[in-house]
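K.L.:
Given next are the chains, with one letter for each unit.
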Amino acid sequence: MTSPVLAVVTPQAAEHVASDIPLSITLLFAAILVALIVSLALEEKLHAKKSLIVGLYAIMSLLLGAILLPLPYGPYLIGGHEMSMPVYIPAIDWGVITIIFGASLFVDVTSRSGLFTWIAIRLTKASSGDPVRLLWLYGLMTVVFSAVLNNVTAMIIVGSLTAVSLDKLKRSDKLLGFLLVEGLLTNIGGLLTLISSVPNIIVGTAADISFVAFFYRASPFVVVTTVATLLLGAKLFGLVGLADEDARAEARSLVAGFDENDGIESRGFFWFGAAMLVLFIVAIATTSVMPFVSDLGMGFVAMAFAVVMLIRYKNDVDQFYRAVDWDLLGFFAALFVVINVMEHAQVLALIGQGVERVVDLGPTLGTGAVMVATAAFSSVTDNIPLAAMLAKIISGMPLAEGVVRPPTDPLWWAVIFGANLGGNITPIGSASTLVAVTIIHKHGLRLSFGGFVRKALPFALMQIAIAVLYLLWVF
Amino acid sequence: MTSYDHRSHGIGVGKVDQFESVFRAAVKTRFEYSAVQVESVLVVSDRDERGAAEFGDRVRTRLAVLKRGENIRWRIVHGGEYDSVPALLELVEAERPGLICTYRHLHSDSWQWPYTLGEYIDVLTQVTSTPIMVVPHPERQPEVGAVRGTKVVMAMTDHVMGDHALVNWAARFTAEGGRLVLSNVEDASALDRFIEAVGRIPSIDTDSTRVAIVDRLERDARDFMQSCSEEIVRAALPISVESMVAHGHHLTEYSRLVEEHEADLLVMHTKDEDQLAMHGLAYPLAIEVRSVPLLLL
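Top line first, the protein sequences correspond to chains L and Z.
The first sequence begins at 6 in my numbering and counts up one residue at a time.
The second sequence begins at 982 in my numbering and counts up one residue at a time.
It is worth saying that the hints were derived from the structure and are not from the lab.
Among these hints, one or two may not hold up.
As the list claims (entries may be wrong) - Derived BS3-like pairs: lysine-lysine, alpha-carbon spacing no greater than 27 Å straight-line:
#1 L:K175 <-> Z:K1009
#2 L:K173 <-> Z:K1009
#3 L:K173 <-> L:K240
#4 L:K175 <-> Z:K996
Given only the sequences and the hints, what does the whole structure look like? Please build it.
P.N.:
Here is the structure:
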């Protein structure tokens, strides 16, 4: 499924994608793409926001593209009408942008109802303060929140609660282990639904995978890997249950001090938020089969729910607009522009030839190699441009002449699994693990880049191994 | 610190802090009830034996509440038994009472001037860990007429949350069927000073910050007081509990509250861990409020 705009625009624009671009020009643009990926990998050294880095490359690509390439300037045929617009507007996948914008706004407003903190505190109480039960409940909460909200928000909510509750339980010595396991589980939970992570949205949209189909395919892996990660986490970080009744009674009394209702400003808004969250999940899950709504897409659903939630704060909506991650949205917009130019410069076709060679290794070795390579690249560079690029490349690799790859094709899933799990190898592999490290450092704990890799590698290797087996077995 | 560290410190810090605040606010300190045991009372007077005995009788009448379930040992000290602060401290050390009961300006005529508590109480409150009950000077209070009991006891503080001892002592001294008034008055001048600084920081909204701070302080105090009320009911104490939370000028607010509630006894902390003098709130209050007995912890 592509966004409605692109679905109409692409055939018109495709006519402009020339296949006789000189190799020297293709290589020049390939060098720009490599430079972009390197710049994103070195983002922390550049001390610059992603949107600015990619924005500069988008400007450079467009300028050089205008000089050296036959870019499709339009007019564009939309709904039978010719429309003029700048070439970089149809280059952007607005379906992806609107899903991210709407969903993040919806989650931000819903969090003000106190719903997420209520759930988090109820689970804390349910643990009775036992460290092992706490790890399991927080781990499960991380996975579910990552799936329903997004992995960064999930890490922020669960990570901050972990810091406060372990401090209350006088177990701050276990904070690093808890946060690390939770950080790693955000990327597992990020695999549960189509909207749980950006690579899912990008690849799922390109592969036309429905929400339900995505969940059906991914959930068994998520369940198995979550259990394995928690078992390994408890073992490696030395978490054991409370030994005697006195310790259990003290822990119970300490967590009983949490008041889950403290963050609820209005009981009515709390229930409204809960109902809207359930409806949001149902609506997103059924978008593809809902009459009329299916034509408008998931982006419409996400934005519609965000707008309805904003009614509660009708006089203060600007505070939520300010809280939107404009850096992320600017990054996506610029990234889509760069990739579009690369497509016209035949760079994607060139990379596609390399990917084809890997795929040609066979259904087992080829698919596994694509997954492992995607995970390896995702661990050191941003998985979003990688997913966007690979989605575009795989779209251009039909199974046979005129036969597109179905949503169940293992190649799509190799990219989805690899892009998500690669984030667990290094702290810069995903935004949510970086949030985990932020909380670790905020609480005075030392964890270097190498230290993170040493602690996370056993988990990441285990998860990738399970994913490869699952991919080859199920698909 | 590597650049990796710089980056990691910048990701989502604001949001993390926001959620940590939400969760910290959800951690409630609940009042822990514990029955206060007073086994002996040392009544210190500067009168002769007869005068001291009369004073002792009045104290005993006033503290009828202590008879509740306990067999109290009373020791009356008359003025001839000590003539200096060290001598009185020796007496206290020898007796090791559970409560000292006395009045301002022992062995002095300065009680008429409301500027100090007198050297004996000044030193006693800081040197001993024994609670001291300061009743109005015998010269100030007529020797005739009914002595008031402790039907209305007011616990006074500017930070009630977690102050289990203050509430337990105040509850112990509240007579059967009486009212325990828990009061928490935040000092407006201290808050104003911080808000004034906030007002000079462009990135912080001054008005909303003031509202948020006052709201948080008052809410924390109310939540703790609510738990006090619940625990006292659970302990089946024969008293009722009321809560007062306000912010303003300490002396003005407390004077108003004492008058409004017609308090029979004020309970407050006097120890200040940071200085060798009486707690910042307690001293001016103890000076100002001279007609109502004080229990200084």
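K.L.:
I'd like to know which numbered hints this structure contradicts. Please list them from smallest to largest.
P.N.:
Every hint satisfied by this model.
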